[in-house]
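**Q** Spelled out from the first residue to the last, the chains are:
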Amino acid sequence: EAGVVQSPRYKIIEKKQPVAFWCNPISGHNTLYWYRQNLGQGPELLIRYENEEAVDDSQLPKDRFSAERLKGVDSTLKIQPAELGDSAVYLCASSLGEGLLGYEQYFGPGTRLTVT
Amino acid sequence: DQQVKQNSPSLSVQEGRISILNCDYTNSMFDYFLWYKKYPAEGPTFLISISSIKDKNEDGRFTVFLNKSAKHLSLHIVPSQPGDSAVYFCAASGTGNQFYFGTGTSLTVIP
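Protein chains in written order, with this note's numbering: chain V, 1 to 116; chain D, 1 to 111.
Since the hints were made in silico from the structure, they are not lab data. Heads up, some of the hints might be wrong.
[Stated by the list, open to error] With a cut-off of at most 30 Å between alpha-carbon atoms, the simulated DSBU-like pairs for lysine-lysine come out as follows:
no., chain 1, residue 1, chain 2, residue 2
1, D, Lys-71, D, Lys-54
2, D, Lys-37, D, Lys-71
3, D, Lys-71, D, Lys-56
4, V, Lys-78, V, Lys-11
5, V, Lys-62, V, Lys-15
6, D, Lys-37, V, Lys-11
7, D, Lys-37, V, Lys-78
8, V, Lys-62, D, Lys-5
9, D, Lys-54, D, Lys-68
[What the hints assert, rightly or not] Here are the computed distance ranges between Cβ atoms for each label pair:
no., chain 1, residue 1, chain 2, residue 2, range
10, D, Pro-40, V, Glu-14, 42 to 48 Å
11, D, Asn-57, V, Thr-116, 31 to 37 Å
12, D, Arg-17, V, Glu-53, 21 to 27 Å
We put the CB at the ideal spot given by N, CA and C, even for glycine.
Sequences are here, hints too, so could you generate the full structure?
**A** In structure tokens form, the structure reads like this:
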């Protein structure tokens, strides 16, 4: 079974440019998460989807960040315009969202963003 | 405000010995805890979990202990193997599917 797929793996952009990340979760996983991980820190939740509904986006900087999960499967995370402080690894994760094992999150490899 | 803390950034252990990784949390509403392992350039992978109704969960060489009164959990790896060298994150959740992660402990197992 394929894991969580993310692309691109690496992205280097100049500040004020837009950037987008794509995530394909594990088939059948209803819950999808976007995390940001700064160097030396743990992942921090940006947004959580239950199917196509964003149920927790309280940590998403809405002035420059946006996300969507069309049809409750793939998701994209966009930053426009990017700032130097946005340099981080952006992780996507998915989980079943219900049942005994529903909380176990499976992570993709992440997208390492460098803003210059 | 860091709700989940891993106060040891790094740990070195000889192969075959026990590795003990610690995690503290501040929110008494947390009721589900997980440990993840992360290799460089990869996403975290799920290792083991524990519900607050238990105080111990074991899976092969990995055992997680939960002390609710102290708001502390630990991961024991025995015997430690060189392939266990990675960064270990603990995570905690209260209601729903929102998890809070610690800052990680880098484990090095010396052959």
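**Q** With reference to the structure, classify each hint as holding or not holding.
**A** Structure-based check of all given hints:
1. Between D:Lys-71 and D:Lys-54, the direct Cα distance comes to roughly 13 Å. Compliance with the 30 Å bound is thereby established for this hinted pair.
2. At most 30 Å may separate the alpha-carbon atoms for a hinted pair to count; D:Lys-37 and D:Lys-71 meet this at roughly 21 Å.
3. Taking the CA atoms of D:Lys-71 and D:Lys-56, the gap is about 14 Å. The hint holds against a cut of 30 Å.
4. Taking the CA atoms of V:Lys-78 and V:Lys-11, the gap is near 13 Å; set against the 30 Å cutoff, the hint holds.
5. Pair hint V:Lys-62 plus V:Lys-15 holds up; C-alpha atoms about 17 Å apart against a cutoff of 30 Å.
6. In summary, the hint linking D:Lys-37 to V:Lys-11 is supported, as the alpha carbons are separated by about 24 Å, within the 30 Å threshold.
7. Using a Cα cut-off of 30 Å, the hinted pair D:Lys-37 and V:Lys-78 holds, with the two alpha carbons roughly 27 Å apart.
8. Restraint check for V:Lys-62 and D:Lys-5: the C-alpha separation of about 27 Å stays at or below 30 Å, so the hint holds.
9. Distance restraint check for D:Lys-54 and D:Lys-68: the Cα-Cα separation of roughly 10 Å lies within the 30 Å cut-off, and the hinted pair is therefore satisfied.
10. Restraint check, D:Pro-40 to V:Glu-14: a C-beta distance of roughly 26 Å breaks the suggested window 42 to 48 Å.
11. Distance hint check: the CB atoms of D:Asn-57 and V:Thr-116 are about 45 Å apart, inconsistent with the given range 31 to 37 Å.
12. Under the hint 21 to 27 Å, the C-beta atoms of D:Arg-17 and V:Glu-53, about 48 Å apart, miss the expected range.
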